[in-house]
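First to last, the protein sequences are chains A and B.
When you line the first sequence up against our numbering, it's residues 1 to 161, in that order.
When you line the second sequence up against our numbering, it's residues 1001 to 1163, in that order.
Hints are computed from structural coordinates only; laboratory data are not their basis.
Keep in mind the model is a prediction, meaning the values are calculated, not measured.
Each residue gets a CB set at the ideal place from its N, CA and C atoms; glycine is no exception.
One or more hints might be untrue.
Where chain B lies over chain A, by a calculated footprint (3+ residues, C-beta under 8 Å) [said to hold, decoys possible]:
1. 29-37
2. 53-59
3. 63-75
4. 147-159
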Amino acid sequence: MTIADFALWIGQTQLSTTFQVTKWVIPTSQCIHIVAVAVVMVSVLLTNLRLAGLVAPGVEPSVFGRRYLRGVWWALPFLVVTGVVQIIAEPKRDLTNPTFWLKMGLLLAALLITVVLQRRAEGESVAREPHPLATGLAWVALGCWVAIVLCGRWIAYTYTP
Amino acid sequence: MSLHDLFSALENMPFATAIAEGASLFPWIESIHVLAISLVVGTISVVDLRLLGLPAHRQSVRQLMADVLPFTWAAFALAVVSGFLLFSSAAVRYSGEITFQVKMLLLALAGANMVVFHFFTFRNIHLWDEMLDTPIAARIAGGGSLALWLSVVVFGRLIGFAS
C-alpha cells in the first residue's frame, strides 16, 4: 500500500466524511493549531533570546529553559490532535504533499534539539553563560520552528489534487 | 471619495495586483502574517498570564514587560505590514466580509484594553509589581487581552474560509 493508497483509504472513512461536511471541524482545529504554535514559538523564542544574551541578562539562562521549554511539550498534544484531525479531514492534501513531509522532518529535528536544550537547562544549578554550542542549537531550533510555521501555511498551496 | 472607491483604488495599485495575481507572493505574505501573529499572541500571553498571577522568568511585572513587549511590538509591526499587503490584494471583498470587520473591531478593543491598563492600572504598579496575587484590575486587563487576542486568531482564520 502506497501513501497515496493510504490517503485514499482515510478519505473514504466515515470519520473523514464527517469532518469534511461538519463546517466547524476544520476551522476549529486550525485555530487551536495556531494557538498551540504561538505557545511553542514564544517558548523557543524567549529561551533562545536569553541563550543569545539578547534579553534579561541578569536572569540565569537555565531559568528560561526550565520555565519556557516545557511549553513546547504542553502544546505538542494539541498540535498532534489538531494535526491528525486535519489529516483525516483532508488526507490527500497532507499525506501526498512534500511540504507536509518537510514540515514533519523539521518538527522531528526541532523536538530533538528541544530535548537536548531542556536537559541541559534542567541540569544546570549555577548561574553561568551558556556554551556557544547550546546557543547555536537554540538558533537552529528557532529556525526550524519558523520553517515549520511557513511550511504549515504552504501545504495549502503546494497540494496537487 | 467613498470607502468603496478608496478600497477599489487600493486593490488596483500595481503592488496589490501583483500580490493578487502572482503565484507565490500571497502565500509567502500570508505565511509571514501567520508567523507574526503567532509571535504577537505568544509574547503578549506571557505578560497576560503574569497579570493573571502565573509566574514568568521574572517576578517583576515591569521588568517582564520590558523584556518581552519590544518583541511583541516588532511582531505586531510585521503583522500590520503583512496584513495590509494581504488586505490590499482584494480590499473591496475583504472590507465587506463580516469576519474581517469583527477582526478589526477585536484589534481595536485589544488596543483600548492596553491603553486603559497603561493609563490606569499601571500607574500604581509600584504597589503590586512583585506580587503574584495581582489586583483585580490587572487580572481583568490580562484576561481581557488574552481573550481578545485569541479571538483575533479565530476570526483571522475564518476570513480565509469566508473568502
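Results of checking the hints against the structure:
Counting residues of the segment 29-37 of chain A whose beta carbon lies closer than 8 Å to any beta carbon of chain B gives 5, which reaches the threshold of three, so the coverage claim holds. Requiring three or more residues with a Cβ within less than 8 Å of a Cβ of chain B, the coverage given for the segment 53-59 of chain A holds, as 3 such residues are present. With 4 residues having a beta carbon nearer than 8 Å to a beta carbon of chain B, the segment 63-75 of chain A meets the requirement of three or more and the stated coverage holds. Given as covered by chain B, the segment 147-159 of chain A passes the check, having 7 residues with a CB less than 8 Å from a CB of that chain where 3 are the minimum.
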